[in-house]
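Participant: Each chain, written out:
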Amino acid sequence: MESPSTTLALPPILNQSTVPNLIRGGAFALAQSERLVCVKGDDLQQCDGAGVAFLWTLQQSVVAAGGRIVWQAFPEHVAKQLAVYDAACAAAATDPEAQGRVALRENAITALGRQTWMLFSGLGEAIAFLGEVLFRLPFVFSKHFRSGDALSAFVRCGAEAVPVVGLIGFLLGLILAFQSAVPLQMFGAEGFVGGLVGIALVRELGLIITAILMAGRTASAFAAELGTMKVNEEIDALETMGISPVRFLVLPRIVAGTLALPILSLFATAAGLVGGWLVMHILGFSASYFVDQLQSFVSLKDLIGSECKAVVFGFTVATVGCWFGLKAGRDASAVGTATTAAVVTGIVLLATLEGIFSVIFYAMGW
Amino acid sequence: MAPDNTPAIECIHVASGYNGTVLMQDINLTIQRGEIVFLLGGSGCGKSTLLKHIIGQVPPISGTIRILGRETTGPQTEAERLATLRSFGMMYQSGALFGNLSVLDNVLLPLREFSGLPEAVCETAARMRLAQVGLLTRANAMPAELSGGQKKRAAIARAMALDPPILFLDEPSAGLDPITAASLDALIYRLSRELGMTIVIISHELASIEAIADRAIYLDRSVGGVLDQGTPHALRTQSPHAVIRAFFNRQAEISPEKEA
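Just so you know, the protein sequences line up as chains A and B, in that order.
Residue 165 in my numbering is what sits at position 165 of the first sequence, and the numbering runs on without skipping anything.
Residue 186 in my numbering is what sits at position 186 of the second sequence, and the numbering runs on without skipping anything.
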């Protein structure tokens with residue numbers, strides 16, 4: 001019988017505090033340099049999970065180096081834990097479940113194909129969702145419509161947005177007027193600053209800035225609310241009860257968003273005009289001159305066109321928020337992903353719609 | 001290190017509740033080292049809230065709580081606070097696994113952060129924990145791929161990764177099949193007897209209570225604290241409180257037809 005070439009005597013306590021000492025003392029190095037390692041457990045009284053893990057790892061490293069390990073005078077419960085783990089590993093090795101998921105390695109073309117497929121299938125789902133929303137829209141006038149929910153959503157996305165919308169609108173008008181006044185002064189045309197600010201704000205900027213703010217504030221909030229409900233299986237519960245989430249959750253929010261944006265955009269425009277007037281006042285023009293300018297440059301058509309766009313934009317922002325909330329995943333990151341997607345998609349759609357409206361209004365001669 | 005005869009957990013005149021709502025006015029209980037104790041009580045009586053007070057997640061309204069002799073309700077230095085946190089493992093009802101980490105990485109997390117062991121030993125220790133809860137084959141799975149029972153078992157593996165002297169389990173076997181629940185009970189029993197862990201369990205599983213509890217503590221809002229405590233057998237047969245005897249004999253809900 002070959003005699004052990006080295007012996008490792010274990011301390012009485014083998015736990016998280018003592019194992020690092022053993023390793024620093026060269027336990028692994030020793031084990032790997034010898035053919036036969038005898039581990040003595042005479043003194044071993046207490047051995048926690050870290051201790052057993054250390055012993056098993058030691059055994060693996062000895063075997064990997066081509067050696068053999070002999071356990072000597074081991075407490076039964078430690079030997080048993082090692083044996084149980086050996087058996088579990090052996091069982092796991094043959095278990096197909098444990099083979100690990102093969103990471104799907106895809107090349108650029110497969111990735112492109114998958115992304116394209118996802119884009120189009122997502123588009124299909126989105127169109128179906130839009131269809132359901134439009135189909136259920138008449139429900140808004142039913143007595144079962146959750147007008148209380150709509151009101152609270154309206155307060156959150158409309159009333160509570162007034163301070164930030166007002167501030168941004170005011171600053172926008174102020175900056176626009178100030179920046180255009182300087183070059184116009186070179187031509188002696190600073191008197192037209194009021195008209196410029198008026199047209200820009202009423203036709204486009206007041207609405208655009210409010211819609212983008214709403215995409216950031218409201219689309220994200222809707223996506224987060226519905227996404228969290230999805231994670232908590234609340235949406236599933238609604239569907240199981242036979243209640244359409246679109247009817248119950250989405251419609252009140254869409255109504256709120258669609259009504260809030262036209263009002264907010266009016267408010268932003270008004271605040272912007274105040275900012276523009278302030279600059280004109282500093283430049284020495286009277287308030288009545290500013291109003292005259294507005295009257296001669298801005299027509300009611302401009303305002304009506306802008307408000308029409310606001311209704312569509314509000315509907316879009318609210319729908320996009322709800323859509324991404326409803327299709328959120330179920331893990332911790334799902335709500336964050338849904339929120340980001342809602343804001344980004346909302347802004348992209350706003351820009352696209354703005355382009356479409358420009359063409360339509362041009363064709364109509366507005 | 002506190003001498004070994006200090007109780008694992010002491011609650012002295014603890015008023016439990018939060019946001020100004022008092023659930024129980026005066027909880028007094030002592031849990032000795034190495035005990036397996038079940039906290040019982042009707043739904044909504046504040047068992048989970050008491051557990052939150054003990055683990056320091058929600059401060060109690062008043063009273064003193066000591067863990068291994070260290071008072072946790074008064075002011076603590078950061079080092080004391082960490083030492084207290086390291087002295088127990090907690091399994092939440094939902095499992096509370098980190099969804100972006102694999103099951104193995106979930107169990108490895110505390111080992112990597114606190115044990116100071118080399119990576120190979122950490123990984124073996126984590127795999128051993130998973131083997132103990134019967135999840136070795138799912139080590140590489142993500143939590144979302146696990147069933148409810150598997151999530152609980154993974155959470156127990158994570159709670160005991162660092163071999164804490166105290167383990168808190170919130171409903172460990174609820175929703176598990178009887179065989180898995182029994183193997184979980186066996187695991188809890190072994191941890192307590194072999195490693196001397198103190199184990200505090202919130203559960204209503206009578207089978208588990210009968211099988212492994214050293215002591216059961218019944219909390220009741222009508223008395224604002226502990227109504228009675230003792231071994232499951234003593235509580236079932238000798239408790240002066242009808243509600244406790246009914247609890248152990250499962251009497252309340254049996255309808256007359258069924259009894260007939």
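Simulated from the structure, these hints should not be mistaken for laboratory data.
Be aware that a few hints might be false.
Said to hold, decoys possible - Residues from chain A shown here face chain B by an in silico Cβ test under 8 Å; the list is partial:
id: 1; residue: Pro20
id: 2; residue: Asn21
id: 3; residue: Asp42
id: 4; residue: Gly336
To be verified - Anything over 12 Å on all C-beta distances counts as not near chain A; from chain B, calculated:
id: 5; residue: Gly20
id: 6; residue: Leu195
id: 7; residue: Arg215
id: 8; residue: Ala246
Glycine residues also receive a C-beta, built at the ideal position from the N, C-alpha and C atoms.
Participant: Each of the hints needs a verdict: does it hold here or not?
Facilitator: Cross-check of the supplied hints:
no.: 1; hint: Pro20; verdict: holds (5 Å)
no.: 2; hint: Asn21; verdict: violated (10 Å)
no.: 3; hint: Asp42; verdict: violated (19 Å)
no.: 4; hint: Gly336; verdict: violated (11 Å)
no.: 5; hint: Gly20; verdict: holds (25 Å)
no.: 6; hint: Leu195; verdict: violated (6 Å)
no.: 7; hint: Arg215; verdict: holds (24 Å)
no.: 8; hint: Ala246; verdict: holds (32 Å)
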